[in-house]
Structure formats: C-alpha cells, structure tokens
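Colleague: Generate the whole structure from the sequences, applying the supplied hints.
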Amino acid sequence: MHLPSVASLLLSALPLTSATPINGHGNDKSNKGLDYYAKKAGLKYFGAATDSPGFRERAPYASQYPKYDQIMWKSGEFGQTTPTNGQKWLFTEPERGVFNYTEGNIVTSKARKAGMYLRCHALVWHSQLAPWVEAKQDWTKDELRQVIVSHVTNVAGAWKGQCYAWDVLNEALNEDGTYRESVFYKVLGEEYITLAFKTAAKVDPKAKLYYNDYNLESPSPKTEGAQRIVRLLQKNKIRIDGVGLQAHLVAESRPTLDQHIDAIRGFANLGVEVALTELDIRLHTPANATNLAQQKEGYKNVVGACVQVKGCIGVTIWDFYDPFSWVPAVFPGEGAPLLWFEDWSKHPAYDGVVEALRNKTNRC
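For the sequence shown, the positions run -19 to -1, 1 to 345 when mature numbering (1 follows the signal peptide of the UniProt record, and there is no 0) is used.
Keep in mind that the hints were calculated from the coordinates and are not lab data. Cβ atoms here follow ideal geometry from the backbone N, Cα and C, with glycine treated the same way. Worth double-checking, as some hints may not be accurate.
What the hints assert, rightly or not - Ranges between beta-carbon positions, derived for each pair:
id	residue 1	residue 2	range
1	Q51	K122	43 to 53 Å
2	N250	Y42	36 to 46 Å
3	G96	A310	29 to 39 Å
4	Y42	V79	24 to 34 Å
5	K48	N250	38 to 48 Å
6	W113	S234	30 to 40 Å
7	P186	K21	28 to 38 Å
8	D332	E172	42 to 52 Å
9	H265	D239	17 to 27 Å
10	T271	E124	50 to 60 Å
11	K48	A274	42 to 52 Å
12	G158	E233	20 to 30 Å
Modeller: Here it is as structure tokens:
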C-alpha cells in the first residue's frame, strides 16, 4: 500500500500472545464464495486484508462491525487475510529494541480461528517506520546492519510458523526501476536487500519470502527492476519465493488482460510464485455506470490473468468494504475501490471476479 490514513500513524500497540499456525481451510465450507471459486480455479486462496477493529477508517462505522466481521470471517468469501498495518515497523518496534506485537496479533488470532491463510506484511519498508530509524542521520553500516537483523529476527520470529508468506521487502523501487533512496539504501546499498532476505530465511524457514510492490502489474521499467531484485537474490543463493503485485489500479486507466499476463509470466519465468497482494481499483467518485463497468473489467482482467498463469497462486483485496479503504484519504475525489459499497450492496466488479475465477481457460 502507498500511504495509510493519518489516523493509523497515531496508533500505539499493547502486548498480546502469538497465535497458532494457520491452515488456510476456512470455517464455512458450504457457502460458494470467492474463495471457493478461487480454489476451484486452481488458486490457493481468495483473501481480503483487514485492520484492527476501531482503527483507521473504521472509527465512524462501529455499528457496521457485526456485518463486516460476519462477511470477513464467517461467510466463506475469503480464505486468507493480511494485517494491513499491525505488523509494520511503526507498531512492532516503536523504540529501538522494544518489540510490541498487539496490533498484528489481533488479526492473526482472528485468522487462526477462521482457519485462514495468513500473509504477513511487512518486515522492511521505507514508510511507516518508527521515528527512531529515520531520525538518526549518522547510521554506520555496522549499526544499521544490526538494526535490520534484530528487527527481522524478532518480528519474523514472533510469528514463526504462522505465516504462509512474509513480505520481507516492500516498495524498494522508483517508477523507473532504480532503487528508492531509503535510509537503508543510502547507508547499505543493495546489501540491505540481501541481508533482510537472508535473515528472514534463517528465522522462518517455512514461510514463503516475497518482494512486494505496486505498479508491477504490466511490463515496465519498474517490473524490470523487481526482476533484478529476484535475480540478485538468486545469484547470491539467498532464498526468494515470490513477488507480490500490489495491484492498486485505476478503473479509467486499467491494464489489459494481456498486459497482466505478460507481467505475471515475467516473474513466474524466474522460478518464483506470484500473488496479487493488495488489489483495489479506485474510480472517480461519485461512482456511475460507466466507471463501475470499467472497474468490473479491471477486476476481471487482473484476476483472470492470475487464473490463467500457473505461477500465480492467490488474490488478496486490500479490504473489501469501501468505507474502510485507504484510497479517499490519499486520493481526494477518488474511492469506491473495493467489492462492497457502504450500504453493503456488491459492486458489479464482484461479478467480474466470479466470472474470472470461473473461466475454464487452461492455466499456462
């Protein structure tokens, strides 16, 4: 995700015990929801990210929690989830050496009870860092190496054995495919990438290790940059298992099915799995028949591409209920990016997703 709402940056966390391993089977096996159709199509899951109750955009919508929680955890629509904020550095290590897992554990515990796959997000990212990381202007290489190793070791260790996958590195690239000038890159260069993955592999050998970024959904210099990261790790014999395509898309300028297929196949050809990790398709509000039809086509294209390329293993939408989306706070005049409107009616895009998942085209 690009940026959270301002409210999310003000949250603090409290201690909580860790959850037990999650199997990804889901509680409700009778309802033929999106996860059912995804599994029938050969995917591992269709999921939705979620945040801790009462935080971020949920604050004015407390009366909607029961309906929201029923769909999220009990409807059979979703077989996977990702904590949108709770496992990020800002919450997990707010002070150097002081670790706090409350926020991540709230979602993790609910996922365990629902029997869902858990994607864990994100170990190393330039955004939503604890202030102490960015405030220090004179990090030495040795100091920052110790910081990365300590953070990855403790945070990945806290959920060891529970995560299907970890987004080890998030959004390390500029749009032209060059490396983002984060505090980590400025001090360590490419070494911070190899160090993060090497450490994560030691801490949780069963979790799939991912690079995750936005604007990787069609061929571009940025997709080439992400492929370079995969090859860098492979060349150094450091494990990388997957690439996450965030897929924060725009209805009015959506990629084509073929563009999505080309991008997914480009990563799959490197021997890593691919997942759509933060899917939403925003449109100019108020929504109308034209841009809702464009949104439906956008969802159908990107989910259909995942279904058609064998290396794509699952789809996660970045929450499912429009009032809880991050989009309006970051892109004024845009919104309605998910599959359920504020009144709980479904977007036409929901049917587009089902159509894509029920496509009989062979996976290639």
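Colleague: Hints numbered earlier in the text: which of these fail when held up against the supplied structure?
Modeller: The structure breaks only hint 11.
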